[in-house]
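Input sequences plus hints: build the corresponding full structure.
Those protein sequence lines, which keep their order, are chains F, D and L.
To convert a position in the first sequence, counted from 1, into the working numbering, add 1.
To convert a position in the second sequence, counted from 1, into the working numbering, add 142.
To convert a position in the third sequence, counted from 1, into the working numbering, add 133.
Simulated from the structure, these hints should not be mistaken for lab results.
Backbone N, C-alpha and C define an ideal beta-carbon position, used for all residues, glycine too.
Be a bit skeptical, because a hint or two may be false.
[As the list claims (entries may be wrong)] Short, incomplete list of chain F residues facing chain D, as computed with Cβ under 8 Å:
id	residue
1	Gly161
2	Ile171
3	Met217
4	Ala223
5	His224
6	Tyr229
7	Leu239
8	Leu297
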Amino acid sequence: MSAPEIPLNSHPLYNPEPEPVLEPGHTYASVTDKISSIVLTRPLGIGWLAGFTLAFSIVMMLFACLAWLITKGVGIWGINIPIGWGFAIVNFVWWIGIGHAGTLISAILYLLNQKWRTSINRFAEAMTLFAVACAGLFPLIHTGRPWMAYYMFPYPSTMGIWPQFRSPLIWDVFAVSTYGTVSLLFWYVGLLPDLATLRDRAKQKWQQYIFGMLSMGWRGSAHHWHRYQSAYLLLAGLATPLVLSVHTVVSFDFSVAIVPGWHTTIFPPYFVAGAIYSGFAMVLTLCIPLRKAYKLEGFITMRHLDTMAKVMLATGEIVAYGYFIEFFMAYYSGNKFDVFLAEQRLHGPYSHFYFALIFCNILTPQLLWFKSVRRNVPLLFVMSLIINTGMWLERFVIVVISLTRDFMPSAWGRYSATFWDYGTFVGTLGLFTMLIFLFVRGLPAIAISEMRELVHQESHGKEGHV
Amino acid sequence: MSETRSQLYGVMGEFESPEAILAAAKKAREAGYKHITAYTPFPVEDLAQTIGFRWTAVPLITLLGGLGGGLSGFALEYWCSAIAYPINVGGRPLNSWPAFIPVTFELTVLGAATFAVISMLALNKLPQPYHPVFNVDRFARASTDKFFLCIESRDAKFNLAECARFLQSVEAQHVTEVKDEE
Amino acid sequence: MLDVSSLTGDMSDHADDHELRILQGNTGQEGEHHHDEHGEEEPVDTTVREHALDLATVREKLRDKSGKQYWRTLEELAGNPHFDELLHREFPRHASEWDDAVDRRGFLKLMGASLALAGMAGCGMPDEKNIVPYVKQPDGMVLGRPRFYATAMPFVGDAIGVLVESHEGRPTKLEGNPDHPSSMGASSAIVQASILNLYDPDRSQTTRFAGEIQTWSSFLEAAQGLAAAAKSQNGAGFRILSGTIVSPTLGSQIKKLLTLFPEAKWHQWEPASGDGSREGAKLAFGRYVNTVLVPGKANVILSLDSDFLASAPGHIAYAKQFSRRRKLDSPSDTMSRLYVAEPTPTVTGSSADHRLPVRASDIELLARALAGKVGAGPAATLPAETEKWLSTVAQELQNERGASLVVAGEQQPAAVHALAHAINAALGNVGTTLYYTDPVETEPESNLESLRQLCADMGAGKVETLVILGGNPAYNAPHDFDFLEKLKKVHSSVHLSPYFDETSAYCNWHIPESHFLETWSDARAYDGTASIIQPLISPLYYTKSAHDVIAAFSDKPGVAPYDLVRGYWTDAMGHSEAAVEAGWKKWLNDGVIPNTKFPAITMTSKWSASSLPAFQAALAGQIEFIFRPDPAVYDGRFANNGWLQELPKPLTKITWDNAALVSPKYAEKMELEHKVMARGGEHGQVRSRVLDIELNSSKVTAASWTLPGQQEDTIVLPLGYGRTRAGYTGTDKGFNAYVVRTSNALWVATNGKVTSTDEGYSLACTQYHFNMEGRQLLSSASLAEYKKNPGFAHEGVEAPPKDDSLYQEFSYPGYAWGMAIDLNKCNGCSACVVACQSENNIPVVGKDQVMRGREMHWIRVDRYYAHAESKTNDPSTYNPSLDNPETFFQPVPCMQCENAPCEQVCPVGATVHSAEGLNDMVYNRCIGTRYCSNNCPYKVRRFNFLRFQDWETPQLKLMRNPEVTVRSRGVMEKCTYCVQRINNVRIDAEKQNRPIRDGEIVTACESACPSEAIVFGNANDPNSRVAKLKAQQRNYSILSELNARPRTTYLAAVRNTNTDLVKE
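What follows is the structure, encoded as structure tokens:
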């Protein structure tokens, strides 16, 4: 089909006799039935209800935190002068980073013709959307006057004032909103045939109505499929540079500023790598329990976990390189402020954060060199959690430590988060989890039509396309 | 043949596999049928070409969307910063074009992506809640595991009996006529 | 009551509306109107209603009376018993709230009632008949245009001439009066902050008897009764206690009263100004003499523990003269040289070229030795290292005979002052660098002895009536005098005081004291020059001045202060009303009365240094506790002043607290480490060890603070804190050092015991980090080095050349506003900080927020110790470089960078550049991303993290500068170069169709600065002062390598070091 023709053996992830990305013996009907039943027929388990309730109550706490924030002002957080940015921005960058894996898997791997993406791309995309939603919350609420945040959009104001397009924050507004929109479109387009499937298999009237409307009368005619595939391919092609640009722009927030520790050219690449790194970690964190809970080991096979682990290892090394270059450039340039900052990271009041970061992001992933580790599901799960923590710490180190001690010693300060900082952060974790819970039961967590295609190819030799 | 006044939309046959429907489609073309449609649970290679569908406008529209987005993006930035509200910001020139690139790029992607999706839906005439093929009960399988070939009544060579016979000749099962109710 | 409280609410909405209200007065209809508004408060109201006479009736009585008449009307009303009832019922019910911080506002509302009832001409236009505007002629009021009036602020033996900026009758800002000798156009932090005392909502607002509201007239009756009683026994048992009085009128009033009561006595007590100078002069010359310094004429100055640049009468003028001798335009210029020997670092000590840490008690030995060397007394032997220092100084003083000056500190004993007189005489300085005049204060006497006498009499039950004019002896008398206990023996006591304070609580009568901007009076400056103090506003509350109180006891009670002052000067001018009438307007206009400066008198010494008893040196290693007035709240009288509380103290940078200051060595010995807390860190919260100090058979618990440069065995106990009835702001802050202060050890105490507890105390310190980490922020050199290499400030930093930029430059063809700050002149007094706060409506955020690193000052004064190597930057981990470091101060306002990093990153363009190079802040546009602050290398931006500004308190609304936006929560703010002042001048200039003249625009910090360190102007005009300064080689910009191109630049500090004393 219309994806560029790449001989598999020329591909880095080439594997002479690849083990199946789909358990043998599946038919079109069986895959369709197994996946759609989770949405249509399966009763709500006690586990799901418990998990959802917990997540929901955390979301309620998030609302409480936001209410208090709007009432009192950002002064309820630990920020001060000189540390004008604290948890809010750390969380923003962290969430946005996590939001990268989804689009990456569905777009880049699609272009690279990776079959194994099929069974994970759907909920990776969902995860992206939810992560972006959590991320988008922070730039809004961290402002002193959130109700004025619309000033950041170019609308014809009575004052004749326009946004200041030299500011990276404006770039953020456009980058994040574009990314959110495109991810949503990409996700929806992918869902379209599956919604049709659900429509046709739904037993209850209300399900038929809902899925009927959502599927827009998709019939799967050859013409549909033709345009569909060209649109999907184009989206993939567009999303690829987009996903790289988003975290680049986010890194501009820092690299454009003059603060020592922010003002570095290495940021764009290593932010992107970091984003993919944390993104895959989060995918693992989600799909390991998921495949267990819904018996999807047949679709999300060891091969998937193994490959994702490899991707984490690779991006992890890039991130490590980034850390190294930061130090190298500090001493190589001899810039007294950068050198000072480098030493602050090692010996300053926040050094323990830095060493924790090194442990989580550089030392831990080295274990992934070993096949045995990559195949040890519980261990992989734990590592994915450690890496997520590490990536959060990385953003903390960049945002906060750099601000505590910049140019004028007379203005040096320190930062300590308040209850409200933690509350808001945990709150978004709850929001994310709640949305994931709703998603796995409300929509097919795996792309059914693509699985059918996979069945077709698996049954007709490996030469076919994805 | 129900009593309600209804008009024939076409004749539909059901197949088991992509290969089968592909072969049938080829034969139908050779038989000289122009208005054929195939319905499949997943995209089947070359099927669209076989039934005589080659070019789609989606890529072109997407390109236009992208160009439009990008150009309007930069235009907006330039107009805001240099014409509508020209003011000295940190000693930077009014037209700080390097700083305008990120937004330009993002808007390019935004324009292209939205146009790609919208054009795809529009050209597919979606949303379209009603379509005659839905009147065929077995058609529900079209989104699961069955492949359908439908010869439409508007085809010049269309003749109910012949078409039905033709479909059976290419091992279609459950050959049914598709009714379009008023 | 509730109508009226709501009415006060409106009163403060804004000036004009308020103006109206004063004119119409509080009419019945209005009352009704407010009634409806506050219908829901009905129940409260009924309690008032059911009574024989309620406020409605009061208003009935007051209907169509103008504001002014209310006073009298109220008096009539006061006759009505129901009315008294009403008042009594209203206030005692809530009187408890007075001390209750939480409910302060509630009480305020009630007090608002008294304010409105009294018809409150308060904040009405001052009486045109008596007041003449300064500079501008009184050609009617132009709304929106401030007018300036000259008056003077009396302050401990001095009066500082000020110009008061008045907006529609509301004084909003004080400036120095150029025509006044003790101001010379400059002011101090305390002068700047005194305006806040006027509007302090915690001020006492009505007369009270035994805590219950009373009318002034009932006091008048009582006073007359007491007077009669006193008269019957020739005034025996009648006592007056006042502070140092420099008001000729008040002085003569009291003296007249004493002639009526021959056996009555007048006592004086100033807790924080020493008797040393008085008694020293008496010792030397046999009579009280006032010493006036002329540091401007001195080439070499030796200060013996004198902080003459920052405290003591005349210090503003001294600082100004001194700084003019530190001016360096070119390497060929000369500078004066300052030697300071002091136990603890002071502002003066920090600007010294050579500073010697010495025990307070050893200063006398130093003085004796010096006297010996210059032939003014017998020789004395010194420890070797001191000897070297002193002999060099002595040598130099002699080289500069007639142009040298030796100054003795206020807290030093009489002997040191006598020696200083002798030395100056021997050096032939008398008549050039200092001269003597008659005393400025009406009745010089040893305060300590005076108070001792009074307490003795009180104790012996000899005191029937005690009239306390200001002051707070119950809080600040030496504790061995046991003032409170003895006060209880006094039959009837009267306390005039701006607050209902520790003393008021124990006196029968409390009279609220008018602020100096509310009353007529007069005062003499440190050189004798007299000024008329004219009110800028009718009293905000039912307050009275000392004149009224004394008059109340006299044979002519109820005479208005205006008439008293006028009367005194009529007598002074040879009893000619005409002469006064002729001069009056001019006196008021200029703020000084011509030819009242005291003439110099020649004194002949009646004393020889040899008559001094043998000197007892303190035992080595014995800890010496010294008491000092606090740089901010002085002796405690400013404890309730938020601006001063939040002002970082020049050396320690501590706010909202005092601390027992110890030396690094001592801290090391006692392991008094400082812990920087994560909350605000170096820029906010530092936790230090708490000390239990047993001294003079009394005990106090104090937070410790390590102060580099402090003499090893000295512990400083700053006075003025630990108030218990200061008000909402000042109560329970810091520790009360008066508790361990006794009459026998008023300034220096030994015999103490310090135990370090294991608990800590969090101090709000705005700049803990004291070294520059090798960055060129504040560059300094010795005069010799400067002459060798005038461009030293530029070494080691390379600012990229202008044409390196790919971007094309913006040009500033018109005005290019810029500022130059001469670090050679700045002595760190911090007047600029408070001046800025007052001019720009900068809020006070409180200790907790300061500890979070969120204080709002637009200009800060950084303090650095040059060459202080410290790994930990913790002064309590000892290293020798902290024993006596070179201290420098650097005021840091917004740099107004041409390539402003803050502007580029603002997403909404809330901070952009003006055509004249100002870095404008658009509050309405700001959404508070704080990105600008992160990207500001100088960290001069301030953010409203919460709603810091008080928007409710009516009084504070009156105080605000209407030309500056009052910022709310969530927006960034920063120094604007006082853009409102720039625009005022621009408008004038454009009206007259001429360019703005150099020096026409004066920023608040510039005008306040006593040492003329800050200069603002048009950098494009080569002849402007600022352009000339920027052309100097000493001129440099901090962090120039960042290429931000600051408009605020600095002139490197130069110390006139003596090569003989430079340590190898």
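Hints versus structure:
1. At a threshold of 8 Å, the smallest CB-CB gap from Gly161 of chain F to chain D is about 6 Å, leaving the interface hint in force.
2. Residue-level restraint check for Ile171 of chain F holds (minimum Cβ-Cβ distance to chain D is 7 Å; threshold 8 Å).
3. Satisfaction of the interface hint for Met217 of chain F is found here, the shortest Cβ-Cβ separation to chain D being roughly 4 Å, below the 8 Å cut-off.
4. A least Cβ separation of about 4 Å between Ala223 of chain F and chain D falls short of the 8 Å threshold, and the interface hint therefore holds.
5. Here the hint on His224 of chain F is kept, as its CB sits about 5 Å from the closest CB of chain D, short of 8 Å.
6. A distance limit of 8 Å between C-beta atoms decides the matter here; for Tyr229 of chain F the minimum to chain D is near 6 Å, and the interface restraint holds.
7. Satisfaction of the interface hint for Leu239 of chain F is found here, the shortest Cβ-Cβ separation to chain D being roughly 5 Å, below the 8 Å cut-off.
8. Interface hint status for Leu297 of chain F: violated, as the beta-carbon distance to the closest one in chain D is roughly 19 Å, over 8 Å.
Checked against the numbered hints above, the structure violates only hint 8.
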